[in-house]
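Visitor: Build the full structure now, drawing on both the sequences and the hints.
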Amino acid sequence: MSEALIEARAVTKVLGGIVPVTLVQDIDLIIMPREFIAITGPSGSGKSSLLYLLGLLDIPTSGEVLIDGISTSRMTEDARAEVRLTRLGFVFQFHFLLPEFSITENVALPMRALGKLPPRAIIARAEELLESFGLGDHRHKTPDQLSGGQRQRVAVARALANDPPVILADEPTGSLDSVSTAQVFGILRDLVALRGKTVVAVTHDLDLAAQMHRRIHVVDGRLANDHAVTAPA
Amino acid sequence: MNLILTIAWTHVRHRARQTLVAIAGVMTGVGFSIMMAAMMEGSQEDFIRTLVDALPHISITDELREPTRQPADIVYTAAEFHGLTPDIRRPGIKNPMATIASLQTWVPGALTPSVQSKAVLRFAGRNLTTSIIGIDPRTEAEVSNLATHMKQGTLNSLYRASNAILLGDRLANKIGARVNSNITLASAEGASMNATVVGIFHTGFRMTDETTGYVLLKTAQILERQTGIVNEIRVRTRDPMAARLISERIGEQTGYKSISWQEAQEDLLSAITLRNVLMYTIVGAILLVASFGTYNIISTITHEKTRDIAILKSLGFRDHTIRAIFIVEALAVGLAGAVLGWIFGYLLTRGLASLEFKTPFSDYNHLPVLYSVNHYLLATGVALLSSMVAGYFPARAAARLHPVDIIRGAT
Chain W
1 MSEALIEARA VTKVLGGIVP VTLVQDIDLI IMPREFIAIT GPSGSGKSSL LYLLGLLDIP
61 TSGEVLIDGI STSRMTEDAR AEVRLTRLGF VFQFHFLLPE FSITENVALP MRALGKLPPR
121 AIIARAEELL ESFGLGDHRH KTPDQLSGGQ RQRVAVARAL ANDPPVILAD EPTGSLDSVS
181 TAQVFGILRD LVALRGKTVV AVTHDLDLAA QMHRRIHVVD GRLANDHAVT APA
Chain V
1001 MNLILTIAWT HVRHRARQTL VAIAGVMTGV GFSIMMAAMM EGSQEDFIRT LVDALPHISI
1061 TDELREPTRQ PADIVYTAAE FHGLTPDIRR PGIKNPMATI ASLQTWVPGA LTPSVQSKAV
1121 LRFAGRNLTT SIIGIDPRTE AEVSNLATHM KQGTLNSLYR ASNAILLGDR LANKIGARVN
1181 SNITLASAEG ASMNATVVGI FHTGFRMTDE TTGYVLLKTA QILERQTGIV NEIRVRTRDP
1241 MAARLISERI GEQTGYKSIS WQEAQEDLLS AITLRNVLMY TIVGAILLVA SFGTYNIIST
1301 ITHEKTRDIA ILKSLGFRDH TIRAIFIVEA LAVGLAGAVL GWIFGYLLTR GLASLEFKTP
1361 FSDYNHLPVL YSVNHYLLAT GVALLSSMVA GYFPARAAAR LHPVDIIRGA T
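Going down the list, the protein sequences come from chains W and V. Residue 223 in my numbering sits at position 223 of the first sequence, and the numbers go up by one each step. Residue 1043 in my numbering sits at position 43 of the second sequence, and the numbers go up by one each step.
Don't read these hints as lab results, they were simulated from the structure. Cβ coordinates follow ideal geometry from the N, Cα and C atoms, glycine included. Heads up, a few of these hints could be off.
[Claimed, not checked] Chain W regions said to be covered by chain V (calculated; three or more residues, Cβ under 8 angstroms):
1. 80–86
2. 107–114
3. 131–145
Guide: Written as structure tokens, this is what we have:
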């Protein structure tokens, strides 16, 4: 059995305040390579919060998250940023592209932040990624010149920029029409099937969840169900 | 281009209007600071130069540093005197030529003897009290600028007549005298003589031009009724700033009162120091106000870019990178403002220098300004520092943003 990419051990997240709110409670989870996972649950159940904890965007109140078998609980903010930059890619419901930059520049940003490739190689890889998602002709455009589906494809390309093994997607098709939803979902599925990535996506869409390999159902911040839907490719 | 510079440049470029306003704020601050510094230091330097040019750098007079002691005072440790009439001491510096010769061996500069006297000048029924200064035209030119201030005649014209006199132009105008006019001089010592006006000078100092006349040493000695008297030795040092030290040494050597121009004008010089403190306070305040513009723009950009900051942080950008982006933006605004401020400040200074002013004390009619690279560097340094401080706080706030809070709010 290969090593777990992400492991959550008794992860709990409580928001402080006059009345503390428990977002995620005591969740244990192991995410392996090449998995295509759906996190489902009713609104406010803690799906996105769980995703943010797995993606090191948030710090658990108790428990710990391990990335590649290494505990992240005692990591500095810079070390957590380094893990996000190299091991994880994020796609959000809203594309979250920088509006003043061209889409090529947007895709190049994580590579430039990592600084391992020369500038020409960065641009070449960014254009290659855009080309592979059918956006080659739009590479000089800014996000506001693209449709919602196209923007979301750019966001996926950006998430793949540093070739991370895991893509975490928060409602990636939540604001798209059916055609775009199908396109973006197809891309995510191909990431697993063709590029060997692990994709963890929060979704409300049970039809899409049914097409994924594994479904994690969260209710009131707790793990209600975790089962395989289809065998991994 | 470096990633930080790329993002910073994109931010300021896309907020052109706000960025230009902030740059204009810094530019105005830097420009006015440069102008203020040029004006204040220019007038100060002009004032000091005029002072140094107009006065002897060191003046050795026949006054003694210590009062003369009575013989009994020297013999006994305690002595009391009643009804004693002090000896009448012959005024003037003893052996002036020997003293000058001795000082010339080490004093770096030129020395000239002179006689200071007071006399009533009579011409065409008018009586005016004037300062009569006896000079040696051969050495006077090395010590003062009188030769360059001559409007009519020269210093050597004093040799043209037996009792020749050079008059200040205002004095000459007041009494209606011209070159070749014969005037009468009557001293306090009771001496009276006829003199011929052989030249007119104009120093630009009203007091001097209105009340002073120059004669030969010999003529002044006759007025003082003291043959061979010299009651002042004037010194012009090569380095005017060294006058104070040289003056102290002269005083120790000769025992006479030796006053440097700095000592003579101590009150004015300390007023200049105070003025400098005021100037730098005002310049600092101007730049501080300008830095609020920078703070405003960086703060606005940070506020507007909250979502982008969250995105960058979620992508893996580190806190110091985020901080650096906004500090670079502030520095870019500061630098652009400073560079434009140099041009603005230079033009303001030129404009100020072209204005004409007239003061009651002198007739210099252009405002003196000083062009100094130091003013530009200082203003730039303060502008960059205040821009950096103005950018730091919004930048720090940006780096501290928690991406999840923003992403949750946006979704």
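Visitor: So, for every hint listed, does it hold in this structure?
Guide: Outcome of the hint check:
Counting residues of the stretch 80–86 of chain W whose beta carbon lies closer than 8 angstroms to any beta carbon of chain V gives 6, which reaches the threshold of three, so the coverage claim holds. Chain V is given as covering the stretch 107–114 of chain W, and this holds because 5 residues of the stretch bring a CB closer than 8 angstroms to a CB of that chain, at least three being needed. Counting residues of the stretch 131–145 of chain W whose CB falls under 8 angstroms from any CB of chain V gives 0; the rule of at least 3 is not met.
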